[in-house]
Amino acid sequence: MTANYETREHDVLIIGAGGAGLRAALEALAQGASVGVVCKSLLGKAHTVMAEGGIAAAMANVDPADNWKTHFRDTMRGGKFLNNWRMAQLHAQEAPDRVRELEQWGALFDRTEDGAILQRAFGGHTFKRLCHVGDRTGLEMIRTLQDRGVHQGIDVYMECTVTRLLTDGGRVAGAFAYWRETGRLIVFKAKSIVIATGGIGKAWRVTSNSWEYTGDGMALACEAGAELMDMEFVQFHPTGMVWPPGVQGILVTEAVRGEGGILRNKVGERFMERYDPKRMELSTRDVVARSIYTEVKEGRGTEHGGAYLDISHKPAEYVKKKLPSMYHQFKELADVDITKGPMEVGPTCHYMMGGVRVDAETAQSTVPGLFAAGEAAAGLHGSNRLGGNSLSDLLVFGRRAGLAAADHAKRVAAPSLDNAQIEQAEKELLAPFSNTGTESPYAVHRDLQEVMQNLVGIYRTQEDLKKALLDLEKLKARAAKASVEGSRLFNPGWHLSYDLKSMLIVSEAVTLSALARTESRGAHSRIDYPNADPVWEKKNNIIVHEGGEMKRRESPVPEMPPDLKQILAEDKA
Amino acid sequence: MMKEATLRVFRGDSKGGQTVDYRVPIAPGMVVLDALHYIQGHLAPDLAVRWNCKAGKCGSCSAEVNGRPRLTCKTRMDDLPVDQPITVLPMKSFPRIKDLVTDVSWNYRVNRKIPAFEPRPGVEWKISQLDVDRVQEFRKCIECFLCQNVCHVLREHDKMEQFAGPRFFVRIAGLEMHPLDGRDRAGLLKDQLGIGFCNITKCCTEVCPEEIRITDNAIIPLKERVVDEFYDPLTMLFRKFRGDKVQSV
Amino acid sequence: MADSPPVLPESRLGSTLRRDSWWVEIIPVVVVLGGFGIYATLRAFEGTYYSWGPYISPFYSPLIDPQHHWWPFSPALLILLGPLGFRATCYYYRKAYYRAFFLDPPACAVGEPANRKYRGETAFPFILQNVHRYFLYLAVLFLIFLWKDAFRSFFFDSRFGVGVGSIVLTLNVALLTLYTFSCHSLRHLAGGKLDCFSCASFGRARFSTWRGVSLLNERHMLFAWSSLISVGFADFYVRMVACGAIHDLRLL
Ligand SMILES: Cc1cc2nc3c(=O)[nH]c(=O)nc-3n(C[C@H](O)[C@H](O)[C@H](O)COP(=O)(O)OP(=O)(O)OC[C@H]3O[C@@H](n4cnc5c(N)ncnc54)[C@H](O)[C@@H]3O)c2cc1C
Ligand code: SF4
Ligand code: SF4
Ligand code: FES
Ligand code: FES
Chain A
1 MTANYETREH DVLIIGAGGA GLRAALEALA QGASVGVVCK SLLGKAHTVM
51 AEGGIAAAMA NVDPADNWKT HFRDTMRGGK FLNNWRMAQL HAQEAPDRVR
101 ELEQWGALFD RTEDGAILQR AFGGHTFKRL CHVGDRTGLE MIRTLQDRGV
151 HQGIDVYMEC TVTRLLTDGG RVAGAFAYWR ETGRLIVFKA KSIVIATGGI
201 GKAWRVTSNS WEYTGDGMAL ACEAGAELMD MEFVQFHPTG MVWPPGVQGI
251 LVTEAVRGEG GILRNKVGER FMERYDPKRM ELSTRDVVAR SIYTEVKEGR
301 GTEHGGAYLD ISHKPAEYVK KKLPSMYHQF KELADVDITK GPMEVGPTCH
351 YMMGGVRVDA ETAQSTVPGL FAAGEAAAGL HGSNRLGGNS LSDLLVFGRR
401 AGLAAADHAK RVAAPSLDNA QIEQAEKELL APFSNTGTES PYAVHRDLQE
451 VMQNLVGIYR TQEDLKKALL DLEKLKARAA KASVEGSRLF NPGWHLSYDL
501 KSMLIVSEAV TLSALARTES RGAHSRIDYP NADPVWEKKN NIIVHEGGEM
551 KRRESPVPEM PPDLKQILAE DKA
Chain B
1 MMKEATLRVF RGDSKGGQTV DYRVPIAPGM VVLDALHYIQ GHLAPDLAVR
51 WNCKAGKCGS CSAEVNGRPR LTCKTRMDDL PVDQPITVLP MKSFPRIKDL
101 VTDVSWNYRV NRKIPAFEPR PGVEWKISQL DVDRVQEFRK CIECFLCQNV
151 CHVLREHDKM EQFAGPRFFV RIAGLEMHPL DGRDRAGLLK DQLGIGFCNI
201 TKCCTEVCPE EIRITDNAII PLKERVVDEF YDPLTMLFRK FRGDKVQSV
Chain C
1 MADSPPVLPE SRLGSTLRRD SWWVEIIPVV VVLGGFGIYA TLRAFEGTYY
51 SWGPYISPFY SPLIDPQHHW WPFSPALLIL LGPLGFRATC YYYRKAYYRA
101 FFLDPPACAV GEPANRKYRG ETAFPFILQN VHRYFLYLAV LFLIFLWKDA
151 FRSFFFDSRF GVGVGSIVLT LNVALLTLYT FSCHSLRHLA GGKLDCFSCA
201 SFGRARFSTW RGVSLLNERH MLFAWSSLIS VGFADFYVRM VACGAIHDLR
251 LL
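Here the protein sequences line up with chains A, B and C, keeping their order. Taking the numbering used here, I'd label the letters of the first sequence as residues 1 to 573. Taking the numbering used here, I'd label the letters of the second sequence as residues 1 to 249. Taking the numbering used here, I'd label the letters of the third sequence as residues 1 to 252.
It is worth saying that the hints were derived from the structure and are not from the lab. Computed from a prediction, not measured in an experiment: that's the story for all the values here. Just so you know, even glycine gets a beta-carbon here, dropped at the ideal spot from N, CA and C. Not one of these hints is a red herring.
Below, a list of computed lysine to aspartate or glutamate pairs in the EDC-like style, where the Cα atoms sit at most 16 Å apart:
id	chain 1	residue 1	chain 2	residue 2
1	A	Lys340	A	Asp310
2	A	Lys321	B	Glu211
3	B	Lys74	A	Glu332
4	C	Lys193	B	Asp216
5	B	Lys126	A	Glu113
6	A	Lys551	A	Glu508
7	A	Lys466	A	Glu508
8	C	Lys193	B	Glu229
9	B	Lys126	C	Asp195
10	A	Lys321	A	Asp337
11	A	Lys320	B	Glu137
12	B	Lys74	A	Asp335
13	A	Lys565	A	Glu537
14	A	Lys538	A	Glu554
15	A	Lys320	A	Glu332
16	A	Lys189	A	Asp168
17	A	Lys551	A	Glu223
18	C	Lys193	B	Asp184
19	A	Lys467	A	Glu508
20	A	Lys331	B	Asp78
21	C	Lys117	B	Asp158
22	C	Lys95	B	Asp216
23	B	Lys3	B	Asp83
24	A	Lys476	A	Glu428
25	A	Lys320	B	Asp133
26	C	Lys193	B	Asp228
27	A	Lys551	A	Glu227
A few chain C residues that don't get close to chain B, going by computed Cβ distances all over 12 Å:
id	residue
28	Val32
29	Glu46
30	Tyr49
31	Ser51
32	Pro66
33	Trp71
34	Leu78
35	Arg152
36	Val164
37	Ile167
38	Thr170
39	Ala174
40	Ile246
Please model the complete structure; the sequences and the hints are all you need to start from.
Written as structure tokens, this is what we have:
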């Protein structure tokens with residue numbers, strides 16, 4: 001049954017066509033590699049398109065005092081020093097060039113008076129640092145990369161899902177995938193593979209993420225032998241929509257607060273004065289999310305269980321110009337005119353700080369030839385990401401991954417594909433069609449979301465996490481039995497049954513890591529361990545897949561050189 | 001009792017199909033895409049629908065609701081009459097794949113024909129907001145292809161080979177009016193992308209969820225630029241005198 | 001989960017699943033444009049009753065060879081070609097009549113008559129629409145005459161005065177001016193053709209002009225209809241006064 005698939009060969013195969021994947025593809029192409037990009041949805045629809053607020057880069061166009069050192073310090077502080085210092089340094093140093101590059105490829109950012117790229121304030125950033133295009137920065141970025149890619153000659157495999165990485169004696173050899181449209185199978189042979197598959201938010205009920213965010217890349221890498229890191233750090237964005245129910249979780253960009261939005265509780269109190277009087281609304285996301293959560297828990301929430309976010313004190317024209325899509329989003333979906341009244345907002349699962357553990361310089365994972373960049377990779381953000389640091393992350397490390405992947409492909413001989421692995425992958429993928437039970441993948445997914453939402457949310461306890469692990473075991477058993485109706489032609493039920501597998505893997509990794517980290521740090525808050533623990537400041541949680549089982553290890557946080565320590569010590573504000 | 005609506009959804013593939021009615025409970029603020037998800041989750045797990053953001057940002061969920069091309073994630077159920085079935089059909093102008101999913105790959109092929117941004121030699125990277133404003137309107141496009149779907153040149157006359165469609169006029173407008181772009185795409189517009197087929201009847205503008213004023217701000221100005229280069233004897237003469245190179249692409 | 005009848009009928013005129021009455025959009029266009037066409041044709045051939053006192057009908061101004069030295073027909077025929085060409089090639093009217101008269105398309109997402117060869121504006125005759133800007137130049141010229149007429153309409157036997165006709169003529173030329181200055185071609189020539197306002201010579205000034213025309217341009221449709229009605233009415237008024245059917249009311 002092995003001839004059931006077509007085969008394609010590339011030097012570098014990139015899984016994911018978001019900012020990270022496309023930037024990697026462009027770089028690998030520039031190095032002369034033959035590049036294929038696979039993505040689950042249509043080109044240009046990846047999550048990056050939804051990014052709103054901006055790209056963080058210390059260009060110092062608005063605040064001349066800004067420089068990479070301050071950006072580095074902000075990033076490390078935001079991540080509570082769990083970040084990989086080298087990644088944070090490279091990121092801060094290279095981001096401005098990456099942004100300029102985008103501009104030279106045709107992106108048009110909002111401008112300052114003297115014609116430079118305009119930058120706005122964002123939570124946790126000392127200076128005005130976010131280069132933006134109104135509130136649709138991600139769209140501008142992905143379109144720019146996409147159009148450039150198309151003209152440089154990248155082969156894009158759209159609506160094609162990778163379900164397994166193929167290995168050849170410990171290094172990557174290719175990937176097994178299916179076309180979503182037809183259900184046909186395809187095998188890629190590649191010397192290097194870059195994982196740029198984004199996050200995992202779809203395992204939670206209230207999330208700003210789309211169906212694509214099922215953690216495929218992390219699950220694929222983990223199964224192929226790579227290490228995952230920092231999986232306990234899931235960012236809950238403080239401001240998602242809470243009403244009406246259909247739109248619950250949809251993001252309200254931090255740019256609303258960046259442009260001067262004020263948070264209030266039911267009784268009209270500006271509650272951030274109590275939680276972070278210095279930075280107020282522009283505190284880091286973990287702090288603001290917890291503050292809103294606490295307000296609601298203590299009975300000071302709004303009618304639908306959120307907080308009020310108000311920008312209506314700014315002139316209506318200004319709001320419409322700076323936050324056009326927020327204006328429309330609320331007007332059309334919630335019947336609220338944000339130039340006249342407040343929005344109701346509450347925390348929503350948003351971003352995954354953890355992911356594939358990679359080398360800072362090359363973005364290579366612990367498996368030779370396997371690279372990872374963007375949200376799917378770990379390290380840069382530590383325990384909490386600052387707004388705007390993701391888009392810059394995509395560009396900086398997307399480029400580095402593409403460069404290193406092309407370089408790796410030049411140096412190694414062609415791998416050989418193992419038929420047994422392919423057959424195994426095919427059997428697994430098609431299993432739901434031969435399952436006969438009545439278990440529906442949709443039902444399992446709904447229940448998984450409840451478990452993660454209720455037991456592995458913003459505040460965690462040992463008891464909840466232990467229960468979550470047990471529940472996940474049961475869900476795994478149910479998922480294995482899930483059956484699907486219909487044919488292989490564009491069948492979402494079938495698609496979900498594979499996505500479920502990834503979600504279950506990453507959910508377990510998150511829960512295991514969260515259980516082990518007996519402290520509160522950044523996005524990880526334990527009610528039973530409410531304080532930061534200096535011992536845990538020196539350790540990352542590592543997840544590996546060994547002998548068919550998920551294992552957790554600890555690994556020391558890399559020691560920072562003295563000159564960087566010096567930067568952190570400066571201005572102890 | 002909970003309020004219910006009937007959705008009459010196309011089920012079928014490239015070979016044919018029919019509409020099927022589904023009863024769906026209505027929640028406050030619900031959009032058509034929510035209703036389709038309800039059908040997937042409870043009634044027909046293999047109902048094929050494209051979507052990503054559910055917030056009107058990615059342009060994946062286009063379909064025809066009660067005969068009107070719409071983003072299903074931005075079409076509120078409470079704006080539709082629920083006393084009759086709500087028809088949800090795939091976009092008509094593109095080949096059907098399955099249910100509400102159509103083959104939009106033609107659009108990606110057209111896009112390849114358009115020469116990318118190329119800065120004028122020796123430009124300084126200073127750009128004034130005044131020049132950016134006009135172009136940013138075009139850059140808002142989320143590629144939902146609703147304008148392509150509704151445009152009668154494609155929908156009724158199937159001019160896929162000769163005509164690029166409004167979406168790509170929007171894209172070209174963004175390039176042509178980019179303050180630093182040095183290329184000239186007027187010849188391409190006239191000859192290969194068939195801007196002359198557009199009879200400015202504005203259906204594209206009517207459906208654009210991003211409220212881009214496609215006809216007034218992109219197509220007509222481009223038509224005027226084509227006139228400058230190919231139909232207006234005075235400007236043509238003037239260009240010759242000045243020695244403008246008409247580097248058609 | 002009942003199966004229900006077939007999907008969309010094959011494309012033919014009027015096939016749609018739209019629930020609204022899409023045809024109400026085109027009816028007023030057919031009525032007003034058609035009515036105006038008939039009226040203007042009749043009036044053009046009439047060749048008389050085009051002036052009274054200080055008033056002259058916009059259909060006949062500037063008056064050319066009223067004594068028929070070299071032009072044997074109604075002088076209006078010479079004049080009307082200008083405005084007719086201007087309006088016929090106007091981007092807005094093109095939309096209106098392609099939809100209402102050519103059913104190309106009758107309305108959005110509504111079927112067209114089947115099996116028609118469609119060439120849009122790529123071939124004769126509609127390729128001629130590309131000369132619109134020359135009609136614009138002509139229209140500006142006409143405006144000068146019409147403003148002069150409007151000015152004159154305030155002088156009865158060289159004494160200042162205001163009649164209803166003075167107001168009708170002035171209002172008409174004002175609307176015609178708004179219509180002309182909201183023209184898409186003008187918008188292009190005024191500055192739309194520039195790629196970079198901040199780099200061009202007189203860039204700022206051209207930007208402001210372009211923005212001004214753009215603001216008017218957003219209401220081009222409004223001006224197109226109101227000026228069409230006003231010009232028809234102005235002619236009608238002058239005719240009625242000239243043939244003695246009504247008496248011009250002197251206000252001042
Ligand atoms: C609403 C919202 C607003 C945001 N705003 C900002 C902001 O203002 N600033 C900021 O810095 N960050 C922001 N972020 C975060 C940022 O947008 C994301 O972290 C970032 O876009 C992730 O990019 P990526 O390239 O890693 O992945 P993505 O852009 O998500 O791309 C993932 C790609 O992988 C593909 N893929 C996944 N699995 C598979 C598989 N199995 N097989 C094949 N392909 C696969 C997908 O199809 C997709 O193409 C925001 C996020 C959201 C949700
Ligand atoms: S205005 Fe032109 S491009 Fe737009 S729908 Fe009409 S014919 Fe098509
Ligand atoms: S121009 Fe508007 S309608 Fe057309 S694809 Fe873009 S967003 Fe959609
Ligand atoms: S799902 Fe993204 S636009 Fe509707
Ligand atoms: S576009 Fe209507 S008059 Fe020129």
